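*Asks:* Start from the sequences, fold in the hints, and give me the full structure.
Taken in sequence, the protein lines are chains U and Y.
Here this note's numbering = 1-based position in the first sequence + 210.
Here this note's numbering = 1-based position in the second sequence + 16.
These aren't lab readings, by the way, just hints derived from the structure by calculation.
Errors might be hidden in some of the hints.
Stated by the list, open to error - What follows is a list of derived Cβ distance ranges for each label pair:
1) Y:Thr89 x U:Gly270: 56 to 64 angstroms
2) U:Glu286 x Y:Pro91: 33 to 41 angstroms
3) Y:Gly67 x U:Glu513: 15 to 23 angstroms
4) U:Gly590 x Y:Ser40: 35 to 43 angstroms
5) Y:Asp65 x U:Thr293: 38 to 46 angstroms
6) U:Asp541 x Y:Ser36: 35 to 43 angstroms
7) U:Leu252 x Y:Gly67: 21 to 29 angstroms
8) U:Thr394 x Y:Glu80: 25 to 33 angstroms
9) Y:Gly67 x U:Arg319: 28 to 36 angstroms
10) U:Asp608 x Y:Pro91: 35 to 43 angstroms
As the list claims (entries may be wrong) - To list a few chain Y residues with every Cβ distance to chain U over 12 angstroms, as calculated:
11) Asp32
12) Ser40
13) Thr43
14) Glu46
15) Ala49
16) Asp50
17) Thr52
18) Arg53
19) Arg54
20) Phe55
21) Pro56
22) Gly67
23) Thr89
24) Pro91
25) Arg93
26) Asp96
Note that the structure is predicted; figures quoted are calculated from it, not measured.
Each residue gets a CB set at the ideal place from its N, CA and C atoms; glycine is no exception.
Each chain is listed here by its residues.
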Amino acid sequence: MTASLPASPGPAAIDRPGFTALPLVCENCGAQFDAEPSAICLTCLGPLVPVYDPNRSLPGRAEIHARPNSLWRYREWLPFDGTPTLSPDTGFTPLVEAPELARRLGVARLWVKNDAVSHPTLSFKDRVVSTAINAAHTFGLDVIACASTGNLANAVAAHAARAGKPAWIFIPHDLEPAKVLATTIFGPKLVRVRGTYDDVNRLCAQVADSFGWGVVNVNLRAYYGEGSKTMAFEIIEQLGWRAPTAVVAPMAGGALVTKLHRGFREFAAAGLFDDALPRLYGAQAAGCAPIVRLVERGGGRIEPEIPATIARSLAIGNPADGLTAARGIADTGGWAAAVSDADLVAGIRLLAETTGVFTETAGGVTTAAALHLAKTGRLGPKDEVVLCITGNGLKTLDPLVDALPPAPLIAPKLREVAALVDAA
Amino acid sequence: MSLTISLPSVLSRLTDGSRSLSASGATVGEAVADVTRRFPSLAPRLVDDAGQPYPFVTFYLNDEDIRFSGGFTAPVRDGDELTIVSAVAGG
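*Replies:* Structure representation (structure tokens):
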């Protein structure tokens, strides 16, 4: 089918950048392909991933350390030949030690990998869009698009605006208002779809097949996903070139856990740290936990679910990377946990009150899951744990409105403050 | 029962360039078997060795994932639309 409203100019109209995307290989059957905007194997429909030259020159610790503080300091592990030019300053978010939260969990040490302050849209999706938009640039795809639960919409809209590229963004109709506004402000074509994220996702698979756009999490997915590895790279470097014993991360489509696993393995293979790989723990909301249930069953297939949770950024009932995430968890000796909506709200509060980091619902899931994993003995007193906090709390205020105490209202009188102090 | 099957473009090279096929059968499985009889090279792309869908290929019957309605045993009606999508999106 040829669509009627393509907005991409032909390749001849594009000024080609001075860098290229890497070729691709099928993870399922091993078939190899030239670099192209496709995430599907022509032979078996399996997922494609970039092929890195095993003999490429890799930097050592000192060389990486001397580079600018962005995810491109790890460019040899990102899917391009040459130096990408778009979105040059995303990544290298703070790794914040959190001794009080460590004490609450009963673990030796704990850090928050704080992508709630990611540049420019306050979630880890800035990482994946940084690689995807550069891939689109190499292919001469001028229109950028995505299916999103919110954070990706924010990131695609912002990165596309900065690059001067039109963006088409498809979201479920009932996203949080802050995420809708924080997308609209960048001036994309924002389309609300009646249905769940999984419905939007299916639609965008067909859109990518029809309009010749760069849909970052569909036909650019092979390049997009690689950006997530940089969270693993930063954890290793920011801990002083060593690994924690455990990493807890939220799971929606399962891509982050999958790519954390790949990132840790790649840095280990490069000799950049000597410790064992960290155990990977995945967190989901109980109202949408197909990957957790796969881990608990010990294998098999993903059984899709219809999401019912306030953690909308994790509400993917048919996770495309669920199998590989579960494999990564099993291979590292980790586990997975699902938490209730009430517990995730408590998790948001616990993280804020013990670390000064305000996260969205997904981060509440991660924190509450870590607490559950500690209570059930999956995390122990010798563990050094990193929590991957992937989004900012200002984006999902609604669940907190009734959960937090109202502030007292007083007259501007010192005695009224004194009364409050006495009562505190 | 007669229904329409929509294929991803990567498979259209196996169906003489057509992304939309007519098929017949009482269930999704029978309809898939009907088109793979006519286009045998489609079979290993749509059905695994056990006769089931691959984990990374999703079938939607009138917009609903067939895994919610019995998989390949899901019944079809005249005029239904079966959409096949590679499940590599998401996240």
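*Asks:* In terms of Cβ atoms, is chain U entirely out of 12 angstroms range of Y:Arg53?
*Replies:* Given that every Cβ of chain U is farther than 12 angstroms from that of Y:Arg53, nearest at about 20 angstroms, it holds.
*Asks:* Against the range 28 to 36 angstroms, how does the distance between the Cβ atoms of Y:Gly67 and U:Arg319 compare: consistent or not?
*Replies:* Cβ of Y:Gly67 to Cβ of U:Arg319: about 51 angstroms, so the range 28 to 36 angstroms is violated.
*Asks:* Report holds if the minimum CB distance from Y:Asp50 to chain U is greater than 12 angstroms, and violated otherwise.
*Replies:* Fine: 20 angstroms to the nearest Cβ keeps Y:Asp50 off the interface.
*Asks:* Go ahead and decide if the range 33 to 41 angstroms is satisfied by the Cβ distance of U:Glu286 to Y:Pro91.
*Replies:* violated (53 angstroms)
*Asks:* Could one say that the CB atoms of Y:Gly67 and U:Glu513 fall in the range 15 to 23 angstroms?
*Replies:* Once the Cβ atoms are compared, 18 angstroms apart, the range 15 to 23 angstroms for U:Glu513 and Y:Gly67 holds.
*Asks:* Just want to verify: Y:Asp96 was marked as not at the interface with chain U; is every Cβ pair farther apart than 12 angstroms?
*Replies:* Answer for Y:Asp96: holds, closest chain U Cβ roughly 16 angstroms.
*Asks:* In terms of Cβ atoms, is chain U entirely out of 12 angstroms range of Y:Ser40?
*Replies:* holds (22 angstroms)
*Asks:* Taking the closest pair, is the beta carbon of Y:Ala49 still more than 12 angstroms from chain U?
*Replies:* Check passes; 18 angstroms lies beyond 12 angstroms.
*Asks:* For Y:Pro91, is the shortest beta carbon distance to chain U beyond 12 angstroms?
*Replies:* Given that every Cβ of chain U is farther than 12 angstroms from that of Y:Pro91, nearest at about 19 angstroms, it holds.
*Asks:* So does U:Leu252 sit 21 to 29 angstroms from Y:Gly67, Cβ to Cβ?
*Replies:* Since U:Leu252 and Y:Gly67 have Cβ atoms about 23 angstroms apart, the given range 21 to 29 angstroms holds.
*Asks:* In this structure, is the beta-carbon distance linking U:Gly590 and Y:Ser40 contained in 35 to 43 angstroms?
*Replies:* Violated - the Cβ-Cβ distance for U:Gly590 and Y:Ser40, about 59 angstroms, lies outside 35 to 43 angstroms.
*Asks:* Given the range 38 to 46 angstroms, decide if the beta-carbon distance of Y:Asp65 to U:Thr293 lies inside it.
*Replies:* With a Cβ separation near 45 angstroms, Y:Asp65 and U:Thr293 satisfy 38 to 46 angstroms, so the hint holds.
When each numbered hint is compared with the structure, violations occur for hints 2, 4, 9.
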